[in-house]
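Produce the entire structure from the sequences given, and follow the hints as far as they go.
Residue numbers (this note's numbering), protein chains in the order written: chain A, 1 to 192; chain B, 1 to 66; chain C, 1 to 544; chain D, 1 to 277.
Since the hints were made in silico from the structure, they are not lab data.
Treat the hints with care, since some could be wrong.
[Claimed, not checked] Derived DSS-like pairs (lysine-lysine); straight-line CA-CA distance at most 25 Å:
hint, chain 1, residue 1, chain 2, residue 2
1, D, 200, D, 154
2, A, 67, D, 71
3, D, 200, C, 443
4, D, 154, D, 167
5, B, 30, C, 312
6, D, 271, D, 167
7, D, 92, D, 167
8, D, 263, D, 200
[Unchecked claim] Just a sample of chain A residues kept apart from chain D, beta carbon distances all over 10 Å, derived:
hint, residue
9, 15
10, 17
11, 23
12, 24
13, 25
14, 30
15, 42
16, 106
17, 146
18, 174
19, 176
20, 178
21, 183
22, 185
We put the beta carbon where it would ideally sit given N, CA and C, even for glycine.
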Amino acid sequence: MAEQLNNQIASGLIQEEIIERTERRWLYAMAIVLGLMLAVIVFTGVGQMMSPLSDVETINPATLHLKGEFVESNLGTAVEPDGSITVRFLAEQYTFVPPCAVVPASTLVRFRLTSPDVTHGFFVSTTNVNAMVVPGYITNVMARFNRPGDYVMPCDEYCGFGHHAMAARVRVVPQGQFKNLQPEQRITCGAQ
Amino acid sequence: MEEEHHYGSASEPERVAPAIRRSTALETLKNGPRGALVIAVSSVGLLLIGWLLFYFFLFLRRGTVG
Amino acid sequence: MERSRLLSLAHLWAAFLCFLPAAFLGMWQLMMRSPLRVPLDDPNAYYASLTAHGSIMAYVFPTLFIMGFGYAITVSTLGRSLRGESWAWMGFFFCVVGGVMALVPIGFGRSSVLYTFYPPLVGSVWYYLGVALVIIGSYFWVALMLINFSAWKSDNPGKPVPLAMFAISACALLWGWTALGATCEVVFQILPVSLGLRHTIDAGLARTLFSVTLHAIVYFWLIPAYIAFYTLMPQAAGGRLYSDTMGRITFVLFLVFSIPVGMHHLFMDPEHGSGFKFVHSVLTFIVALPTLLTVFTIVASLEIAGRVRGGKGLLGWIRTLPWGEPMVLAVGLSLLLLAPGGFGGLINMSYGMNAMIHNTSWVTAHFHLIFGGAVVIMYFAIAYELWPRLNARPLVSKRAACLQLWLWFWGMLIMTLPWHAAGLMGQPRRYAIFDYSDPAVAKMASLDITSVVGGLILLFSVLVFFYVLFRSTFARPEESVSPIRYALAVNPSATVHPLLNGFVFWNVLLLALTLISYGYPIGQFFFLHNQDAPARSLSQEVLR
Amino acid sequence: MSPENGSVHSGRLLAVTILAGILALGFGFGFLVLPRNQGTPGLASASDSIYQALGLHTHNNSFNTVQPPAKIPSYVAWTEATMQQAMGGDAKRGESIAGNCTGCHVEPAHTAESGMPRLAGLDRLVTYKQLDDYRSGTRLSDTMSAVAQSLTPKQYADLAAYFASQKGLPENRGERAPGSHRSYHNADPVQRLIYAGDPKRGIAACASCHGPGGYLIGAPALINQDALYLEQQLLAFAQGTRSNDINMSMRTIAGLLTPAEMKALASIYAKGFDGSK
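Written as structure tokens, this is what we have:
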């Protein structure tokens, strides 16, 4: 008896079919909106190189200075045998080494960083170059800077009491001004 | 107030909201909540347009990275 | 008057009493990072305060509030006393002791590791034990919610579980599963190191385990606000819930999809490939669906209430809604905050676009707007709804309550919108102080000062909130305080689809999905080698 | 099957198929489509694409073959074994060895501004590392390298334990009571450098590693240290004549300081900050 009475009153408001129809249509509409956003991500991801970093490499953080790719003499900007540019930083408690790096504009640059102590953040501000630097892992980010100039590179992940003063600079120079280097030559732009 | 089935909301009747008197204002609800649809569609539309603007004019502008 | 009201009241009081100091800390931090002069402008004090503000606002305050709200729902929707109330008090005791134990070392500056831990940075062992105790205490609540849920179901076979109980049980299940991630990190990785049993830690594995918890904890906080949307607001507005089924589908979607999306916090991390990052990004899009469904269903419910009160024309029903009712006003303001907050979320979760704003103030502004704003404003409204029932005294003044909600709304917008802008301009996150003499930083000075103004409004709103709570606690008692009323659906039905009345199948789906999305990302760490980093302490603790 | 189970079964089937569709979309694009243009651009094969998506590069690390000759700053690495050894010294045995150190290093026979570092109270790890660096020649000093070569690493640890047990330099436990004027609002530029650093130039705050109120493994507490010694070491780091700081942290920071700042920093730390000797 309760069910029969209930339908008689409730249905007067809005039929259940209408409710189900609007909700179902709304669900489909939202699925389409989300699908559209995903499609944009996939197309730009395939068209240009617009995706998060993808390179799992480990390295022993305690002995970076003794052997391996991040010995101090190998830090800074280097031209690889195949002509590509690689910039290596060490992010350590409370300073980046080198504190300033020179990079040619509008060429593909490979940034490689690691940390001997705690997690740091690597962020060339106002650009998309933004990644975590986790001790034990090598951060490998490919990027291209279109606008020459000096970029501030703050550590954007909490790394201890000196976190607020930890910042380096990336100096993007026009292609012409970037002098070609010998394979084993490393340069930084040092104090200004 | 006729006895209404309410278990979907609470098991003790006095814990459930009172039934609603039918009035002419409800007529417009016959074919679904038009006003709610307008608000929902426009707000989600704004979100989508905002997202597209952010994606193409802020994100892609800041340089390729991968 | 509600059964076991003291239990709920104790939880809510404990929650809001630790919310108060954390709010003041937040205010101090806002001024500290702005160009304004502030007492104790010491970077170390900021990082300790940030750890305390984060730990309270992320662990102690919401967990205690949700436990209290959960007990109140169980008692009032199932219409019988809570089974295992003594265990509930034990859980409460664990949470309070754990909260205090975590805060003491922070106060002494021995554990400024922030509430997300950041191994290999390691703090005092007491901080981690405290957080672990809070989690253990919350597991008592998880168990009690599920016991009461299944006991009622077996006593009432075939009957639909009340929507509010169904939702809070989904919330408890979600928390039960997701807390395992952070618990594994603390128990197997951080505690051994802070106790000095081990000296190295795999930071990549630690961050990944924490990401299992990091996003689902956000939905653990969000679901109670949605419970108020679906089951308390329609009745307060004098209308009906548009669709009970859609409510259940929303909470099921949250349960299934909240955990396997965690890696959108690790998009910019070096220890994962882009493949699983994209899978998690797609799953995060799916977990945005229930919020979009909720927005429509709740605005439809508001329209019904508006029409019933005679609102004519396409949008005429908005004017006729009882905006003087705290619950109705809170839902309206929460939806308005949910729009920009959700927009920030859409940007953060979009795979590559995360690089634009990762670890900038944009992210901080996002979660203050969507959690601090849209969710906590509902916590206030839920508190206003529960207070008369838990104290058998009327709420002192709805006008003061509504003023408080408006202040919270404007405070949140004024604080977070400039913050979003500063984030887009590249302001890094978690800086104790900014050197405004640097032209690149000076550009953000006016934005940071505007945020301080927003913070002041929020602080005033918190004081008004406590004014209303205190006055209502000591108001003249009234016998005729009506019990909590839960919204009736437009078409209440005697039966509910079996899948929307239980969680067994959804648990299986959840575990399968989490295994698929996290299996490889977590498993890979056991095949990588020489990535263990020596633990570093900011206070020479580790070398004991 | 009663209608009851029918709708449950179809419900489950629907949920599983939707989920499978979502996962197929995610894994399909995530592993097969998107990685094709990442890292090494150009259409890679399916397996290359999957390797790239998992972050396991198929290309050999062709980009770090040619390296300048490595220069080892210090043979000490803060591994578990080294720390165990450095912290495991016995003060009493250290006291007997320390006989010939007191000539130069101990307070009474020592005039202010002598350029000779005070060792009483020095952190164990610092003493251990400096002695090892003198032994390995990564830190140059003819007298000290002779002393270091005549001792074994076990004795370094004993000496370190002995000096750490002496009163003199403050213990740097990394805590400090919060105080005002430790931000950029501080008028005194040197105090600003100590507590807040100078991010414009990339200079870290001294106190965040050397205290007061900050601790870093291997970084000595500097309060009450000899002013001339501090200034000389900063200059040596800046010019690179001293280069035993692991991963170039001190050389980088000292290189950004001006000589005037070095002198001011040395005198403030030697005076012990707010005059507390």
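Going through the hints against the structure:
1. D:200 - D:154: Status violated; Cα separation ~43 Å.
2. A:67 - D:71: holds, 10 Å
3. D:200 - C:443: holds, 14 Å
4. D:154 - D:167: holds, 23 Å
5. B:30 - C:312: holds, 13 Å
6. D:271 - D:167: At roughly 17 Å apart (the allowed maximum being 25 Å), residue 167 of chain D and residue 271 of chain D satisfy the hint.
7. D:92 - D:167: holds, 15 Å
8. D:263 - D:200: holds, 21 Å
9. 15: Label holds. Min Cβ-Cβ 21 Å, cutoff 10 Å.
10. 17: holds, 17 Å
11. 23: Holds, because the least Cβ-Cβ distance between residue 23 of chain A and chain D comes to about 15 Å, which exceeds 10 Å.
12. 24: For residue 24 of chain A, whose nearest Cβ neighbour in chain D is about 13 Å away, the distance exceeds 10 Å, so it holds.
13. 25: holds, 17 Å
14. 30: Check passes; 14 Å lies beyond 10 Å.
15. 42: violated, 5 Å
16. 106: holds, 15 Å
17. 146: Non-interface label on residue 146 of chain A holds, nearest chain D Cβ at 17 Å vs cutoff 10 Å.
18. 174: Given that every Cβ of chain D is farther than 10 Å from that of residue 174 of chain A, nearest at about 23 Å, it holds.
19. 176: At roughly 24 Å from the nearest Cβ of chain D, residue 176 of chain A sits farther out than 10 Å, so the non-interface label holds.
20. 178: The claim holds: residue 178 of chain A sits with its nearest Cβ about 17 Å from chain D, beyond 10 Å.
21. 183: About 4 Å separates residue 183 of chain A from the closest Cβ of chain D, which leaves it inside 10 Å; violated.
22. 185: At roughly 7 Å from the nearest Cβ of chain D, residue 185 of chain A sits no farther out than 10 Å, so the non-interface label is violated.
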